[in-house]
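K.L.:
The whole structure should be built from the sequences, with the hints applied where relevant.
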Amino acid sequence: MAAASVGALILTSCATTTDEPEAFAATVTVSGEADRASADSGECTIGANHVAPHDRVVILGDSSTASAASALDVESIDQKPDGTGSCTYTAHFEDIPANQKSYNIYVNNFARQSFTSDELKAGATHRLQNAPPTDDGIGSEVQDSGGTP
56 MAAASVGALI
66 LTSCATTTDE
76 PEAFAATVTV
86 SGEADRASAD
96 SGECTIGANH
106 VAPHDRVVIL
116 GDSSTASAAS
126 ALDVESIDQK
136 PDGTGSCTYT
146 AHFEDIPANQ
156 KSYNIYVNNF
166 ARQSFTSDEL
176 KAGATHRLQN
186 APPTDDGIGS
196 EVQDSGGTP
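In the working numbering, the protein residues as written are 56 to 204.
A couple of the hints might just be wrong.
Stated by the list, open to error - Pairwise CB distance ranges, derived in the manner of DEER restraints:
| id | residue 1 | residue 2 | range |
| --- | --- | --- | --- |
| 1 | GLY178 | ALA121 | 16 to 22 Å |
| 2 | PRO187 | SER118 | 23 to 29 Å |
| 3 | GLY178 | PRO136 | 30 to 36 Å |
| 4 | ASP110 | GLU174 | 34 to 40 Å |
| 5 | SER118 | ASP173 | 28 to 34 Å |
| 6 | LYS176 | ASP137 | 21 to 27 Å |
| 7 | ALA94 | PRO187 | 26 to 32 Å |
| 8 | LYS176 | SER131 | 21 to 27 Å |
By construction, these hints were calculated from the structure, which means they are not laboratory data.
A virtual CB, placed ideally from N, CA and C, is assigned to each residue, including glycine.
P.N.:
See the structure below:
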């Protein structure tokens with residue numbers, strides 16, 4: 056009878072370890088204060104960087120094989136009479152690889168931002184800011200990938 060209990064315990068233990076998700080879904084908000092904003096086109100310019108509907112957003116985990124990509128959708132463009140404004144977009148991700156220590160979000164050549172999986176699941180907000188010049192080439196590599204990072 057003791058052997059049956061041990062067997063049941065082992066089965067229960069195995070079931071809980073296989074229930075861990077390998078990926079998760081998240082919605083990321085992308086926003087910034089634009090030097091030029093167009094409510095008609097949904098396009099915004101912040102410094103020398105440009106963002107528009109359908110631009111690619113890439114999430115890279117701390118391992119080189121963990122990545123996810125999505126396109127931006129316009130949530131709101133609040134254009135002021137002088138042409139400046141506030142721009143807000145969303146990107147929906149279905150399959151973000153789980154179990155990474157951190158996740159870096161890249162939008163065109165804007166500064167990357169890092170988030171945890173809990174922050175992404177709760178609905179992280181990426182603030183569009185100009186990136187400082189770097190020698191690593193990551194920003195241009197992500198933007199020029201034309202698809203898969």
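K.L.:
All hints, please: hold or fail.
P.N.:
Results for each hint:
For the hinted restraint 16 to 22 Å between GLY178 and ALA121, the CB-CB distance of approximately 20 Å keeps it satisfied. The hinted window of 23 to 29 Å between PRO187 and SER118 holds, with their beta carbons roughly 25 Å apart. Checked against the hint of 30 to 36 Å, the pair GLY178 and PRO136 passes, with Cβ atoms roughly 31 Å apart. For ASP110 paired with GLU174, a C-beta distance near 22 Å fails the hint of 34 to 40 Å.
Here the CB-CB span from SER118 to ASP173 is close to 18 Å, at odds with the stated 28 to 34 Å. Checked against the hint of 21 to 27 Å, the pair LYS176 and ASP137 fails, with Cβ atoms roughly 38 Å apart. ALA94 and PRO187 have their C-beta atoms about 30 Å apart, which keeps the hinted 26 to 32 Å range intact. Look at LYS176 against SER131: about 23 Å separates their beta carbons, and that is inside 21 to 27 Å.
Comparing the model with each numbered hint stated earlier shows that hints 4, 5 and 6 do not hold.
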